[in-house]
Structures are given as structure tokens and as C-alpha cells.
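If you're matching them up, the sequences are chains A and B in order.
Oh and the first sequence: position 39 is 370 in the working numbering, straight run, nothing missing.
Oh and the second sequence: position 38 is 433 in the working numbering, straight run, nothing missing.
If you are wondering where the hints come from, they were derived from the structure by calculation, not from laboratory data.
Ideal Cβ placement from N, Cα and C applies to all residues, glycine included.
Treat the hints with care, as some may be off.
Stated by the list, open to error - Simulated restraints, written as ranges between beta carbons of each label pair:
#	chain 1	residue 1	chain 2	residue 2	range
1	A	Gly505	B	Gly745	56 to 62 Å
2	B	Phe402	A	Phe382	45 to 51 Å
3	A	Gly505	B	Ile565	33 to 39 Å
4	A	Glu640	B	Phe480	47 to 53 Å
5	A	Asp695	B	Leu576	45 to 51 Å
6	A	Phe382	B	Ser676	39 to 45 Å
7	A	Phe382	B	Ala668	21 to 27 Å
8	B	Ser407	A	Gly414	45 to 51 Å
9	A	Ile598	B	Pro519	26 to 32 Å
Stated by the list, open to error - Selected chain B positions facing chain A (in silico; Cβ < 7 Å):
#	residue
10	Leu439
11	Ile486
12	Thr489
13	Leu499
14	Ser502
15	Leu503
16	Phe507
17	Phe514
18	Lys517
19	Leu606
20	Asn652
21	Val660
22	Val665
23	Val667
24	Ile687
25	Lys688
Claimed, not checked - Quick list of in silico lysine-lysine cross-link-like pairs, DSSO-like style, CA-CA up to 30 Å:
#	chain 1	residue 1	chain 2	residue 2
26	B	Lys488	A	Lys560
27	A	Lys561	B	Lys492
28	A	Lys624	A	Lys561
29	A	Lys498	B	Lys436
30	B	Lys488	A	Lys610
31	A	Lys417	B	Lys697
32	A	Lys417	B	Lys561
33	A	Lys610	B	Lys492
34	B	Lys574	B	Lys564
35	B	Lys752	A	Lys361
36	A	Lys412	B	Lys688
37	A	Lys412	B	Lys564
38	B	Lys697	B	Lys752
In case you want the letters, here they are:
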Amino acid sequence: MNSAQIEIQLIASLVAIACAIPGTFLVLRKMAMISDAISHSILPGIVIGFFITHDLNSPLLIILAAITGIITVILVEYIQKTGLVKEDTAIGLVFPALFSIGVIMIAKNANDVHLDVDAVLLGELAFAPFDRLLISGVDVGPKSLWIIGVILLITVGLLLAFFKELKVSTFDKGLAASLGFSPAIIHYGLMSVSSITTVGAFDAVGAILVVALMIAPAATAYLLTTDLKKMLWLSIGFGVLSAISGYWFAHWLDASISGSITTMLGIIFLIVYLFAPSKGVIAVMYREKQQRKEVSLLTFLLHLKNHTEERERHVNHLREHINWQKVRAKNVLDLALKNNMIIIDKQIVSLTKKGDEFTSQAIDYIITNEDAQIEDMKDDFFLFRG
Amino acid sequence: MDLQEYFSLVFSDYTLRTITLGTAILGAVTGMLGSFAVLRKQSLLGDAISHAALPGIAIAFLLSGAKDSNTLLLGALISGLIGTFWIRGIITKTHLKSDTALGLILSLFFGFGMLLLTFIQKQPNANQAGLDKYLFGQAATLVESDVWLMAIVTGICLFVLLLFWKEFKILLFDADYTKTLGFNTKFIDILITSFIVLAIVLGLQTVGVVLMSAMLLAPAAAARQWTNSLSVMILLAAFFGAFSGVFGTAISASQNNLSTGPVIVLVAAVFVAFSFIFSPSRGLLFKQIRFIKNRRDLELHKTLAFMHHIAETHEDISHPHTIKLLNNFQGFTRKTLQKLVEKDFVTLNGSMWSLTKTGFETAKNLYTKQTTEDE
Numbered sequence: 332m333n334s335a336q337i338e339i340q341l342i343a344s345l346v347a348i349a350c351a352i353p354g355t356f357l358v359l360r361k362m363a364m365i366s367d368a369i370s371h372s373i374l375p376g377i378v379i380g381f382f383i384t385h386d387l388n389s390p391l392l393i394i395l396a397a398i399t400g401i402i403t404v405i406l407v408e409y410i411q412k413t414g415l416v417k418e419d420t421a422i423g424l425v426f427p428a429l430f431s432i433g434v435i436m437i438a439k440n441a442n443d444v445h446l447d448v449d450a451v452l453l454g455e456l457a458f459a460p461f462d463r464l465l466i467s468g469v470d471v472g473p474k475s476l477w478i479i480g481v482i483l484l485i486t487v488g489l490l491l492a493f494f495k496e497l498k499v500s501t502f503d504k505g506l507a508a509s510l511g512f513s514p515a516i517i518h519y520g521l522m523s524v525s526s527i528t529t530v531g532a533f534d535a536v537g538a539i540l541v542v543a544l545m546i547a548p549a550a551t552a553y554l555l556t557t558d559l560k561k562m563l564w565l566s567i568g569f570g571v572l573s574a575i576s577g578y579w580f581a582h583w584l585d586a587s588i589s590g591s592i593t594t595m596l597g598i599i600f601l602i603v604y605l606f607a608p609s610k611g612v613i614a615v616m617y618r619e620k621q622q623r624k625e626v627s628l629l630t631f632l633l634h635l636k637n638h639t640e641e642r643e644r645h646v647n648h649l650r651e652h653i654n655w656q657k658v659r660a661k662n663v664l665d666l667a668l669k670n671n672m673i674i675i676d677k678q679i680v681s682l683t684k685k686g687d688e689f690t691s692q693a694i695d696y697i698i699t700n701e702d703a704q705i706e707d708m709k710d711d712f713f714l715f716r717g
Numbered sequence: 396m397d398l399q400e401y402f403s404l405v406f407s408d409y410t411l412r413t414i415t416l417g418t419a420i421l422g423a424v425t426g427m428l429g430s431f432a433v434l435r436k437q438s439l440l441g442d443a444i445s446h447a448a449l450p451g452i453a454i455a456f457l458l459s460g461a462k463d464s465n466t467l468l469l470g471a472l473i474s475g476l477i478g479t480f481w482i483r484g485i486i487t488k489t490h491l492k493s494d495t496a497l498g499l500i501l502s503l504f505f506g507f508g509m510l511l512l513t514f515i516q517k518q519p520n521a522n523q524a525g526l527d528k529y530l531f532g533q534a535a536t537l538v539e540s541d542v543w544l545m546a547i548v549t550g551i552c553l554f555v556l557l558l559f560w561k562e563f564k565i566l567l568f569d570a571d572y573t574k575t576l577g578f579n580t581k582f583i584d585i586l587i588t589s590f591i592v593l594a595i596v597l598g599l600q601t602v603g604v605v606l607m608s609a610m611l612l613a614p615a616a617a618a619r620q621w622t623n624s625l626s627v628m629i630l631l632a633a634f635f636g637a638f639s640g641v642f643g644t645a646i647s648a649s650q651n652n653l654s655t656g657p658v659i660v661l662v663a664a665v666f667v668a669f670s671f672i673f674s675p676s677r678g679l680l681f682k683q684i685r686f687i688k689n690r691r692d693l694e695l696h697k698t699l700a701f702m703h704h705i706a707e708t709h710e711d712i713s714h715p716h717t718i719k720l721l722n723n724f725q726g727f728t729r730k731t732l733q734k735l736v737e738k739d740f741v742t743l744n745g746s747m748w749s750l751t752k753t754g755f756e757t758a759k760n761l762y763t764k765q766t767t768e769d770e
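Excised from the complex, chain A in its bound form:
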């Protein structure tokens, strides 16, 4: 590994961390698409800034672009407030219009601007180490590293200072307002940080990757935990992991680094989405299947409890009367037998003592919805886990 490679990975990791922090709150506040809108609509800000400064890394450009981002948010909220269209339509209308203005400005001045739309959308991490920051002639490292480092420091500082306020206002706006933190200030604060991060990162990794780095790690972490602190740590971890593995994948494939990092984020999300212990798709589907089976079991036991006559308790009758398919009936019978709730004697099904008690308890639970009696059942049955 040479020093350029280390620097690229360092920049990518810092960007990942800087994006994961606001991203977590955006996902929790259901504002993920705002980050997509900001990342597109900062383009005119960048172009104007570039006309003035002729330097993609100038702080003025970053501030101008961040202001465009905040204007986007204000514009979207204004359109939402008029009630003329639904909220998501407002987002979908604002950012393509602003982005188009940016593209046209670039196209009209293509001759004297060395600014490429592709570069803005995709960035090029591979070139980041070549743009050095020189302080009185001494090389102190790549410019992007310093920019994203400063942004990260500010973000972390704000996070530590306002963690409590952010947490309360994210989960309970009303409570936050009544405790005296203005939700509006926190909202616009978060939007400003997101805009600045987006602008600071776009030059290194491009607008789309910024969105991916904000949303994907947070969404992945949200599938694994419901604790805010853990979620922050996890999303930072996922971000850095995919940044580094993505770099090596791109190195091996000789393709775009930002695309490759996004692909890694996608793979991580896919794995967690499928296999997350309680919220993954497989776990959810298994739980749903079990719950269906248990509802059938309960229906069946209730039927047995209500009917004492032998005709109603004949195995074949199950199919006729409760109208279950053969397979499901067999499944339910097996489950009940396994739990010693019924005995089958000469094709006649009857409840055991345990089954009888269970049924009464279950009915009680369904009627009163009080948990106390069925604590011990929770281990065996998904249905009663709430």
C-alpha cells in the first residue's frame, strides 16, 4: 500500500463517518429523500461558486452550495405548506428544476469552465490525493482530506453538544417543543449539516454516493438495533467497512471507486435485510408462518373445547367443518400432539388436561389482553410475544 492508497481510504472513511451521523437522523426522521434532493440541487450553487472562485475546494463555494441546499429545503417546505401538492411531489418538483438550471449553466459556459456534470455526480476519489494543500510551501496532505476532516469535526462537535436535543426532537417533537428546544432550529441545523456534508463530500465521492453513504448505513443499522447510540456506531462501522472494502474492490476491478463503495453498501444491506435476527426478511417470514400456524392451532383447540360429541371431533371432520387443506390440518395436528395438548384415539381427537388449560388461558388472554398468565407460553409461541 503506498501513501496515495492510504490517503484515498482515509478520505473515503472520513466521508463515510461524516455522512453516517446526519444520515442516521435523516432516516429516523423519515427525511431520507431530502438528502437526495439536496445532493442534486446544490449543483447550481456549485456552478455559481465555481464561476466566482475557479476553485472546487474553496470554502466560499462550499458555503454557496450549502446555502442552495438550504434554499431547496425551504422551497420544498413552502410548496408543501401551500397544500397544492403532496409533500413528496414537492421534493420531486424542486430538485430536478434546480439541477436542470445547474446543468444548463455548465453547458452554456462549457468553454471556460472545467467542470463536468459527470464529475459532480460521481466524483473521482482516485484523483483526490493529487490535489494537495500547501501551507506556506509545505505539503500538509490532500485538500479533500482537510475539508472533510473539518466538516467531520464540526459534525461530531454539534452531535456531542446537542445529542439530547436531537434525540428528543427526533422521537417526540411535541415533547421537545414543550421542553423548550425549538424543533425548527434543530430541523434547520440538521439540514445545514447535511447540506455542508453533501457539498464537502461531493467533490471526493460525488453526489450519488453521498446519498448512499447517508441512507444505506443508517438503514442497515436500523434493521439491527433500535438503540440510537448503537445505531450511530453501527452505521459508522458499516460506512467505514464499505468504504475500505469498496476501495479494494474498485482497485481489483479497475472501475469507479464511488460506484464500488456503493455496491459494497448494497451488498451489506442485502445481507442484513435477509438475515437480520428479528427484523430481517427471513426472520419476519418465518415468524409470520409460525403465527399463522398458531392461530390455526388455537382455532382448532377452541373447536375441540366447544364440542364434546364424537362426531365433531373425528379427524376427517376437521377438513369438512373448519375447511382446512389436508397439509395444514396435518401440520396443526402434529403441533398439538407435540405439545401434548391432544390425544388421538381411534381417529377421535380429544383435549388433554394441558390442552384444556392452555385453551382457557388463551381465551382469557384474547379477551382481557393481559400478559401475566401467559408469560411461560411466550417461549413456545410467537403469537403471544406481542
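Fit chain B to the supplied structure of chain A, relying on the hints for placement.
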């Protein structure tokens, strides 16, 4: 070339005619289907789908090795559909919200697509140049067969729309009721979504991945302001879309260095802004005018009621009072006084005013009338 020249050339020049026709048809079909997206609160789905189509284009190229636009669009269609159904899966199976799901699929698919595109660019295959036109679209690459494809798809869309009109309409406005009536909501839902995906994919070549969502939303959002009827809205949206297409093409053709996609989007945005402001029933302008008018009426009533209050204390209702008396009362302005005179409720005599008989009667009934209406 200026605009006038463009319009004189549009019927004779092959390229211009093809492009104009293509963008017009595209605008019409996206406007039509966009109406459903907007009303179903799926506005951003278009954005997600158009981004999600990118890896499909790249994979189709990698597999076929050719740049046939139909093959590429088929790839885009498949990958767009995968993206759409994954978004659904995320929303229904996990506790992630729809905005997260959209942003996630959008950025992940797009990033993967970019990875493949850069990978393709490094390949020694000379055929690969020009795949990046799908990013921003290039209307200039449209040929007659593309326009035919668009026309055919639009025809199919129209046919299906008319065939399932009742089902689409009822699903839009009351999904639960539709289910209780025994319609297969899942099927109708998938049908609409698939057509939205199809329309988006068609537009990729012209407008590009990034701006396609605006083509879907803007005409529909503009049309929504002028009507409350679904059929009128769809017709209007198609009309707005087609016009944005034609105007956008005309403007971009008349200037150097202007790509068509962004110009079309901006023209559509102008339509939206115009509709937001000037629509008679919902527009901001008329809303503001109505607001001001209501406030004036209220102030007029307040002044009249105050006058009535004073006049009541005198035996002669037309007993003159000085205008100064009204000064410490907020509803009063010189204009409202003038209006009251015009309505013949008040007569002015120098700096004195007095209520007329009609004015007194109106003022007396001002609130009693309202209370009877309320009850």
C-alpha cells in the same frame, strides 16, 4: 437557428421532426401515467425507478455486447422492476419507511450501475462509447424506430388505461373499498406500477436517468391544479407533457450547447409554477385575493356593527356622530367608510356620519342572521 426557423423546419427536416415527435409523445405518456403516481403519493417512486434502471442498461450491454437501444431498454425495464419490487419488499417486510426504501434503492442501484459503466469503459470494446448518454439523455440520438416504439407503448398504455379505467380510478381513491368489492387490488396495483416503470424506461434515452422523475411529476402536478376530475387531469397532464416536450426541444434546438432534457424539465417547471400561481380555484394568487377580500368584508362588518352599537343609544338612529369617534376602533379605515356610503348604509355630512335606515337594519341583522344560519 432561432425559434421561428425551428418551427418552419420542423415539418421538413427529418431529425427535427423525429426528435420533436419523440419528445411530444414521451411528454404525453409520462404526463398520463404520472397523474397516477402523483395521486397515489408515489411521486418519488419515479426518481427511484429511473435511477434503478441504470445497472440494467449496463448489464444488458455486457451480455449482448451491442448497443441496440431496444435491448438496453429491456434491461432497464427489468432492473427498474426489480428495484420497484424490492422497495415494496422493504416497506412491507421491515419497519423501514418508504422514504428510506426509495433513497436506498435509488442510490445503491445507481452506484452499482456507475460501477458497471466505468468497468465497461475500461474494456477494449470500441462499441462502448455513448452509454453515458443515458445519464442525462440525448434527444438528438432518437431515430424513427425509437419514436415508433414510444408510439406503440403509448397506444398500449391508452388501451389498458381505458380497459381498466374503472378499476384504476376506484383503486386510486379508495383502496380498501376496492378490495371489499372483490377486485384483485394486487393485480391492478402491479399493472399501474409496471406501466409507470415502462414510461420511465422509455424516457431514459431522451431525458436521462437523473431528470426523468420530473417528466413524470411536473405535468401531473400542474394539471392537478386546474381540475378535480381524474379524466380531465390525465388529459391535461398529457397535454402539458407534450407541450413541454415540444417547447423544450424547440428552445434547445435554437441554442447552442443546450441539452434537451434539462430544458424540457425547466419548461415543465414553468408550467407548474404558472399553475400554482394562476389556477382559479387552488392557485396562490386567487387564494390571496380571496383572503384579502374576506378580510375587507369582515372589517366592513365590524365597522358597521360598531356604528350600530353607537346608534342604538340614540332615539333617532340617523343622529349624526363625528368620524373621530371611530378613530380608536381598529376596523375603521377611510376606505371602508367610503364603501359603506356606496352601499347606502351610511351618509356622510362633513366630518359627521349617520346611519341610514337600511344600514341600521343590516347591522341589526348582521349577527342574528349568522346565528340562525349556524343553527
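Problem - Numbers of the earlier hints that this structure fails to satisfy, in rising order - result: 2, 5, 11, 22, 24, 25, 28, 31, 35
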